[in-house]
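Working from the sequences, and respecting the hints, build out all of it.
Here is what each chain is made of, one letter per residue.
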Amino acid sequence: MADKPRGPILMKELIRLNVNGEVREAAIMPYRTLLEALREDLGLTGTKAGCDDGSCGACTVLVNGEPTLSCIMLAFAAEGAQITTIEGLARNGQLDRVQRAFLQEGGMQCGYCTPGMIMAVKALVDKVKDPSDEQIRLAISNNICRCTGYTKIVEAARKAAHMEEFVNADINAPQPTLTI
Amino acid sequence: MSTTEKEGARAGQFSTIGKRIPMIDGVAKVTGAAKYADDLTLPGMLYGKILRSPHAHARIIRIDTSRAEALPGVKAVVTGKDAPTRYGILPLGHDETALAVDKVRYIGQEVAAVAAVSEAIAEQAIDLIDVQYEILPGYFDAEESMKAESDLIHDDKPHNIEREYHHHFGDVEAGFKQAYAIREDRFYAPQVTHAAMEPHSAIASFEPDGKLTLWTSTQTPHYIHRTVAKVLGMPASRVRVIKPFVGGGFGGKSETFSHDICTCLLSRITGRPVKITFTREEVFYAHRGRPAQIVWLKTGVDRDGRITAVECRTIQDGGAFCSYGIVTILYSGALLAAIYDIRNIKYDGYRVLTNKPASGAMRGHGTVNVRYAFESQLEWLADEIGMDPAELRLRNALKPNTRTVNELRVTSYGYPDCIKQVVERSGWQEKRGKLPFGRGIGMAGSHYVSGAANSIIRSKMPHSTVSIKIDLDGGVTVFTGAAEIGQGSDTIQAQIVAEELGVSLDRVRIVAADTDITPVDLGSYSSRVTFMAGNAALDAARDVKQQIFKHAAELLGESPDKLVAKDEKIFARSEPDRSISFQEALMAAIEAGGTLIGKGAYTPPKESQGGHFHGAGVGPGVAYSYSAQVAEVSVDMETGKVKVEKIWVAHDCGRAINPLTVEGQVEGSVWMGLGQAMQEETVFKGGRILNPGLLEYKVPTAIESPEIETIIVESVDPEGPFGAKEAGEGSLAAAIPAITNAIYNAIGVKIHELPVTPERVLEAIARQKRG
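Chains A and B, in that order, are what the protein sequence lines are. Take the first sequence: its position 171, counting from 1, is numbered 171 in my numbering, and each next residue is one higher. Take the second sequence: its position 21, counting from 1, is numbered 21 in my numbering, and each next residue is one higher.
Treat the hints as calculated values from the structure; they're not laboratory data. Mixed in with the good hints there might be a few duds.
[Said to hold, decoys possible] Here are some, though not all, of the chain B residues that point toward chain A, as calculated from beta-carbon distances under 10 Å:
| hint | residue |
| --- | --- |
| 1 | Met-23 |
| 2 | Val-27 |
| 3 | Ala-33 |
| 4 | Asp-39 |
| 5 | Pro-43 |
| 6 | Gly-44 |
| 7 | Met-197 |
| 8 | Pro-199 |
| 9 | Thr-277 |
| 10 | Leu-660 |
| 11 | Glu-663 |
| 12 | Val-666 |
| 13 | Gly-675 |
| 14 | Gln-679 |
| 15 | Glu-763 |
[Claimed, not checked] Derived BS3-like pairs (lysine-lysine); straight-line CA-CA distance at most 27 Å:
| hint | chain 1 | residue 1 | chain 2 | residue 2 |
| --- | --- | --- | --- | --- |
| 16 | B | Lys-562 | B | Lys-599 |
| 17 | A | Lys-159 | B | Lys-646 |
| 18 | B | Lys-103 | B | Lys-685 |
| 19 | B | Lys-103 | B | Lys-157 |
| 20 | B | Lys-19 | B | Lys-599 |
| 21 | A | Lys-159 | B | Lys-19 |
Cβ atoms here follow ideal geometry from the backbone N, Cα and C, with glycine treated the same way.
Below is the structure:
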């Protein structure tokens, strides 16, 4: 019967997640996905839900530097790991090189796949200095973009690989607004 | 001229137009700061869920919501009787209700909706709603459905035919008599869907003062505004519709959906904000994409390759409701005439109802499947008469500034240049007939309206109105109803205003698609925004510019009509060295009369609005874009697998206001056509979708996607803003036949059915071997 409890009664538990270099706490159900925890419990809505079954890549975040589908990972499985989301890329008012390249090359249109796509490209260019087009296409093959046809995303990734990490390396310099 | 030289020439003429400018809302998108509907949360917000029909065709006998209502945490339950007012996107198609009344017509149709304190409880609650159905026979095949005598899907639609049109222009019989070669073929294209990355989402908030605000992921805030007010029985002035960032549309968010209304109803009852976000499966059942379509086509050409007559009979499987169907079936016929010079055309179009989710508007609306059929036959006919298909296409070109046989007004026409460009860039002459067996090259063309000349709401008001406010801070605020959905609507309007006012783009900010604040624009569909909202923005910029020039003229001791504004300066045309700054003139104007307010509007010219025959209202565009494409493929004869190696596309978009975003639109269109050609199909069993997920539906990934080389052809339209036309749809259709024609060139098999799966290729090879 649908109106009776369907199994053991679960209670919320305290989770501690290291997101974008910050320790965040929340009380969540044990079955909550990392995507739900990020978006709904920690207010990090930059990471997107597109399918809920790991088939579109919009929810990609970095877990210990590896691109990971946060919609099919339990939040508790990410405890103790370094999680990086799209909100954690820009530093001191400077866009990350991957963000800058996507902007300049028109690597996004509607922007919905963009956070996940940027995280996938970030993981690639952090590891591979001069990726081939094949390597780029393979690295983003988990991420569906319905707008661009990928041409400009591949161009953005190629460009990002050859850019300085940040335009201004002096992290103490005041940077009130995001610049490209 | 090369692309670089052209950009050099543009640079001299304009300061902002023609520049590769990153989207002005791009920083928000690359940082995750952009807020889409599902990213929004309001205090006290409830979560809504929709109960959907498990039956394709059934009478509703009884709905019992008592157990759902009794579940702790449930705040409201609504059913069809709570909102029985019928609506639909077309005035002729008001056949929908927010929730089913008396009858369900497709699996997935909305039956009841629940609001609860959590999504989990809302989901549990819809399981507790008890609905008794009496199952009716279902119609799942359009040709079968047309034979129906009883258990009609809608009682007022005999034989389940939503609409049929029969047009005959010129004399096809006489035309076919003049033909040297004639082909008759049957083509089939299955249903495909938009699959925008953002699932539909809406939040409604009813305030105690009786004001309703709806944030919804939509391409058409104005139509939703009208429909919500009508269905909820409220004055439109008490309803505010706000479009947040939208994660792609492609036509799939261009009408009012059940959840738009359900969130409002549930919020009105509970007094709390209510959000409904679709699962991906729900997006597939909401559909409104491209219908499955059968196309019988007969085309004749004479010895010189001139098309002498075209006869087309087509059936579209429209699903259970009208949606945009009447427009879709008319576009299929009308646009046969707007790319080639064809004097004899006969068209019989049937839009048929079936017990499936309603089809609606999808990128290239109505034109795509017929274009696939037509461009395939052209290639085969060229072969039959021994002519280069590029040459055959050029010989049938229209002339600029002509009126077609069905009274469409074609102004700028860059199609021949598009063909010449792709021939040159692809190495067409060097490759054609010289590639090894299994590798081939194919060509096709397509086109699309750059905004429909007639409004679907049959109103004479302007199709777009834009206002501009300039205040003491020097910022130029553009208020526009146009809906940015990722295509660059905000950026293009900002560039147009900056150019006309002669100010830097940094000064311009866009406030868009909020019905309380922004003037009416009909929405982001039929590729109308750059042309129509662009022209309205240009008109508004001229209005404020004249107000500033009045004061600049006094400061310069010149008459206002001699002045020019460029690069933050204002000067007399004859004396560019003696200038004042824009800021100085602006301050003088504000000191004299306070905040500057300007207004502009765009109404399509009467001459563009087409003929007077039955169905003449659809097809007329205020201008048309053109596209020519060449695809190169390789075919594995063992497995039937086709690899698209590369596509070259030349698109005539009038003037490219922003080549970066034009390329993006063109590449996206070509690629979406590639998806339809190669692998996309919504598969049905009865009324149930077998592949309602992104993994199973097979949107192409980066691995299957070829390199696309884009060439921009600028025909400079006489009426477009700075000469611009559309860039977002016209290139989709040609990608499909360019690919199938390349397969024909590679291995000699004709493809009559999409998508081109390895199985279909192997079948075609086997058929060919059998002869």
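### Task
Determine which of the earlier numbered hints do not hold for this structure and return their numbers in increasing order.
5, 6, 14, 15
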